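K.L.:
Going down the list, the sequences are from chains A and B. With this note's numbering, the residue at position 140 of the first sequence is 140, and numbering never jumps. To convert a position in the second sequence, counted from 1, into this note's numbering, add 211.
The set of hints was computed from the structure by calculation and includes no laboratory data. For clarity, every value in this text was computed on a predicted model and none was experimentally measured. Keep in mind that a hint or two might mislead.
Here are some, though not all, of the chain A residues that point toward chain B, as calculated from beta-carbon distances under 10 angstroms [stated by the list, open to error]:
#1 R51
#2 M53
#3 L63
#4 L95
#5 L140
#6 D147
#7 L149
#8 V159
#9 N174
#10 D176
#11 S197
Capping the alpha-carbon separation at 35 angstroms, the derived lysine-lysine pairs in DSBU-like fashion look like this [as the list claims (entries may be wrong)]:
#12 B:K479 - B:K379
#13 A:K163 - B:K479
#14 B:K479 - A:K89
#15 A:K163 - B:K239
If you want the footprint, here are the derived chain B segments under chain A, 3+ residues with CB under 8 angstroms [what the hints assert, rightly or not]:
#16 242-249
#17 432-443
#18 449-460
#19 469-482
Using N, Cα and C, we set each Cβ at its ideal position, and we do this for glycine too.
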Amino acid sequence: MDGPSSEPISPARTETTLAPLTENARLVRAIAAGDPQAEHDFATRYMPPVRAMLTARLRNPDLAGDLKQDVMIEALCALRRGQIQDPEKLSQFVLGIARNCLNNYFRSNKRVASVELPDDIPDLSNGSAREEAEQENHALRAIESLDQLDRKILQMTLVDGLKPGVIATQLQINPDVVRQRKVRATRRVIDFLKRESQISPGRHIEPGRAR
Amino acid sequence: MTNCTGAPARQWLEQYVEGTLPENEAQKFEDHYFDCPVCLGELQALQTAQAVLRQHPVTVTAAKHVLAWPTNWNKMMSFGALAAALLIGFFAFRMIAHGPQQTGNVAVAPAQGPTRQAPAGPAKSQAPEVAQPEVEIAQLADLQPPTYNAPVLRGNETADAAFESGMKQYIAGDCAGAMNTLSQVDPSGPDGLAAQFYSGACRMHTGDLAGATASLRHIAEAGDSPYQESAFYYLAQIALAQSDAAAARRELNHVVLLRGDLEHRARKQLTEIPSGK
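Please put together the full structure from these sequences, using the hints given.
P.N.:
Okay, here's the thing in structure tokens:
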């Protein structure tokens, strides 16, 4: 799209310039037209990566969950107003909003809502409690299937944030052994969870696609 | 739609989750996984594991005593001295109470043969004079190629086509075909190391030990990878097949140091290699 960034996309214009319409363009156009299903699809697609990004940056899953809602509301409001310049850059658009919200949070150390919460926003809560519990059960089983030393190394890495050299000193083992075991344990946990989430009818680990 | 096989996740994931990835690379990874369900799935899996470990922490300090080398030497020395004194006292008491041991006394007498003539040593050396066949080092070599379990991949996720095809041949036992196909896998791609490893295993199985050594050495020296431990192990097997005990010990010691799945097998083989070799 060549138009200026502030210029909203009209459905008619999108149709003439993008033929055939891509999935992103269809989604953006439908949200601008007030289609609730499109908003639901948008939320389904972007809530997981936004939450993952905020969890990684904040290292606090609860706060990440709260901030994710702010990001999604702001993104949806912007899309309703047709504020996206290039629908093909929808992911970067959402990511940009997430980074802004994060920076605002870091600057003020509190959640800063830059838009009013609309009444008709789709359900932005996380998956059902049952699905989350199921997922955590899989993760617990994956971790329990690891060797005791591997578990310790994962804990010291992922939870305590320790470097392999420090872990090696504390466990009285070679730092290379720590690195090797960390790589292998991480891979095993990921593979286990991916396998389980594929078998399980509940929730898939990778929901990053609109249905 | 993405053709990603998870290579960016393999490159960046751990550091990203640990918060140690440089900012520019973290942003690149975010740009990528926002549109890549494969890498997003890996990130979510690791974050779930992180959350679970937070809720169910492993008691590191309790287990540390098992693993840690004793640091309180005064206590250790006192305990050792006490144990030694008790042992000396026990044997001194026996000497005084029973006098010197008589040959063939009570139940410890050997079944046959004069004890004075038998050299002191392990029971093995007192066995009848049948020449023990010396263990052939080459017989210890385990040249069977490792089994390959194809990973379960989700919908859009696909492995390198050449790798998949090569591994099908490998599973079917067609080593020559597998080597040929695996040579087409991009060595810098996500399946590059795996292709080189299984290709090396095929070479080893077909008797091309020099070629196998070259492939496996490259993997062993490439650093952390899921194949490093196995590479050292099979390098040891090749050394054994070539009756090079010193090299085999060196490679097996690498395996032991990595403390992985093959540690037990490596330790067992180390005890089986004749010491004089």
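K.L.:
Hint compliance check: list the failing hint numbers for this structure, sorted ascending.
P.N.:
3, 14 and 18
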